[in-house]
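*Asks:* Given the sequences, and given the hints that come with them, work out the whole structure.
For the record, the sequence lines run as chains C and L. The numbers in the numbering used here rise by one with no breaks, and the one at position 209 of the first sequence is 214. The numbers in the numbering used here rise by one with no breaks, and the one at position 109 of the second sequence is 137.
Hints listed in this document are in silico derivations from the structure and should not be mistaken for laboratory results. Cβ atoms here follow ideal geometry from the backbone N, Cα and C, with glycine treated the same way. Treat the hints with care, as some may be off.
[As the list claims (entries may be wrong)] Derived list of chain C stretches under chain L, where covered just means 3 residues or more per stretch with a C-beta under 8 Å from a C-beta of chain L:
(1) 179-192
(2) 196-203
[As the list claims (entries may be wrong)] Per label pair, the in silico range of CB-to-CB distance:
(3) M267/C with W52/L: 49 to 55 Å
(4) A23/C with Q115/L: 53 to 59 Å
(5) G80/L with E118/C: 28 to 34 Å
So the chains spell out like this:
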Amino acid sequence: MRTARDIALKLIGDPSAALGLLIIVALVAVAVLAPLIATHPEAVWDMNPRDRLLPPSETYLFGTDRMGADIFSRILFGARITLTIAIVAVGAALMIGVPIGLISGWCGNWLGEALLRVSDIFLAVPQIVLAIAISQTLGPSIENVILALSVTYWPWFTRLVHAEVRALRHETFIEAAIALGVPTWRIVLLHVLPSVLSPIIVRTSIGMGFTILTASALGFLGLGAPPPAPEWGRMISEAREFLPEAWWSALAPGLAIFLVVMGFNLLGDGLRDVLDPRIRRGNPGR
Amino acid sequence: MSQPPLLEVEGLSRHFPVRNMFGWQIGALRALDGVSFKVRPGETLGIVGESGCGKSTLGKALAGIHAASGGRILFEGTDITGCSAVQRRSVAPKLQYCYQDPGNSLDPRWTVRRSLAEPLIVHSALTARERDARIAKILEQVGLPLTHLELYPHELSGGQQRRVGLARILTLYPRLVVLDEPTSGLDVSVQASVLKLLRELQAAFTLSYLFISHDLSVVRAMCDRVAVMYAGRIVEEAPTERIFASAKHPYTLSLLAAIPNIGGERITDTFALEGEPPDPVRPPSGCRFRTRCPRAAAVCAGTDPPLRRIAPGQAAACLFA
Chain C
6 MRTARDIALK
16 LIGDPSAALG
26 LLIIVALVAV
36 AVLAPLIATH
46 PEAVWDMNPR
56 DRLLPPSETY
66 LFGTDRMGAD
76 IFSRILFGAR
86 ITLTIAIVAV
96 GAALMIGVPI
106 GLISGWCGNW
116 LGEALLRVSD
126 IFLAVPQIVL
136 AIAISQTLGP
146 SIENVILALS
156 VTYWPWFTRL
166 VHAEVRALRH
176 ETFIEAAIAL
186 GVPTWRIVLL
196 HVLPSVLSPI
206 IVRTSIGMGF
216 TILTASALGF
226 LGLGAPPPAP
236 EWGRMISEAR
246 EFLPEAWWSA
256 LAPGLAIFLV
266 VMGFNLLGDG
276 LRDVLDPRIR
286 RGNPGR
Chain L
29 MSQPPLLEVE
39 GLSRHFPVRN
49 MFGWQIGALR
59 ALDGVSFKVR
69 PGETLGIVGE
79 SGCGKSTLGK
89 ALAGIHAASG
99 GRILFEGTDI
109 TGCSAVQRRS
119 VAPKLQYCYQ
129 DPGNSLDPRW
139 TVRRSLAEPL
149 IVHSALTARE
159 RDARIAKILE
169 QVGLPLTHLE
179 LYPHELSGGQ
189 QRRVGLARIL
199 TLYPRLVVLD
209 EPTSGLDVSV
219 QASVLKLLRE
229 LQAAFTLSYL
239 FISHDLSVVR
249 AMCDRVAVMY
259 AGRIVEEAPT
269 ERIFASAKHP
279 YTLSLLAAIP
289 NIGGERITDT
299 FALEGEPPDP
309 VRPPSGCRFR
319 TRCPRAAAVC
329 AGTDPPLRRI
339 APGQAAACLF
349 A
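*Replies:* Okay, here's the thing in structure tokens:
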């Protein structure tokens, strides 16, 4: 059986997964250390009209925006918002989606069916449309973006876990545990859940990238954090009116979103190769 | 003989619904259709029959994996047929089911130690230290070194996996173990060692076995009594030596005739079995064996012969027995 060490070694051995991991580690480091790295931490929220829309220079690495704020520093602080949204939204989706998937997969009866149909209803509406509707109704704020994203993302986990559990339920070792008189909660939490953990981890990584993309889209539409906050999507939207002259004000946040989403996807693909038993070679278990 | 039976099965049936493309039930597959027998303490009862005759369904119904569609299962005098999953759990430590390949019944992600500890955690109030002592003892009894405790199932050989699977069942000191084809898929030498182990464990733990097999030579070596199943019913039941010496049901005779025999004479040369077992969704009228029976007469199509006593300890379901 592979340990966390094995998995880490395998991931680093795969160039694209290693790149993804590097980007994510950099993102986390930047978010945590933002006040230390930022060249102009004071100029993130303050207006500084004399330095409006300056091109990239030694003082302002990525230039300044229409308020005269340093884009480099804003990107750094924006990483905090992005990471918070992604972690809280996907975490909440996990907390809702995984238990519902376990229950619906385990009880093949009317309860399981009903739970599955509810998740189908959420999946029937495109995620971005539902998220726009929710944040539009509740008003623009980070909390509402998180709420909208978690409410729209949990059915993916439910479907995934449901399918895995249904397949597992008829495995001999699960049936044997039932025959042995092991209580249901023990079977589900100690036998079933660990067996479906790998696909959940893969889905989480890819879901983070997806969630960041959707959050940025909401920010671009003005449904994210209210104006002074350095939210990447909103930064692009604010830069629109000065394009193409002030190209740097849209380039930096765009690149940031691109890099982070790519990082999570590369990591997710790498994790899938390492963890997913169906692609795993020479797997003795299932 | 006078001891009360450990397990008593009365008219047990298990029907699987057969559905058409719209999901409507259009019939029932009678995997088990009114099976009755008794297992006395310390006894080994063999259940033999072709594939698909309901042997495994019988084992799983006893283990509570399949619910019974009818009839009663009495274990130590208590009816455990319709009881809830929670009540069922209190019987589980005493009545255990052993899979065809017990190695498959181990969680591939768990070490041997963890798999062996689980039944004790669930069913006993032993402390961690007492559990370790019990696990070490069982492991020794099934003939595995203690160093194997930290291994994962895929790191063990097939025979070792079986031993761990058996150990897992025995940690609870059960009274009755349902063994489903315990020797299938093993080469002859491993088969012999597994049978020896089963006999040793039976003596050490005063176990009763319900020994499900299609291999008559193994059954002859292991069982005190034998019940022969055909199409979801018991067609003949007798002490092992009587089955091999003076079986009366034509199906039993045909099974005996099919035993490959090197050198000596076949037990009976008169019976050769042809054709396939009947479709369990639409069994033939009257006697279920009549479609393949060399002795079948017109009367067999009209009368379904009950299992009746034909000699001390021997019963057969044939009009001509």
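*Asks:* A separate judgement is required for each hint: does it hold in the structure or not?
*Replies:* Going down the list of hints, with the structure as the test:
1. By the rule of at least three residues with a Cβ nearer than 8 Å to a Cβ of chain L, the coverage given for the stretch 179-192 of chain C holds, with 11 such residues.
2. Three residues within the 8 Å Cβ limit are the bar, and the stretch 196-203 of chain C against chain L gives 3, so the coverage statement holds.
3. Taking the beta carbon of each, M267/C and W52/L are about 52 Å apart, inside 49 to 55 Å as hinted.
4. Take A23/C and Q115/L: their Cβ atoms lie about 54 Å apart, and the range 53 to 59 Å holds.
5. Between G80/L and E118/C the Cβ separation comes to about 31 Å, which falls inside the hinted range of 28 to 34 Å.
When held up to the earlier numbered hints, the structure conflicts with none and fits them all.
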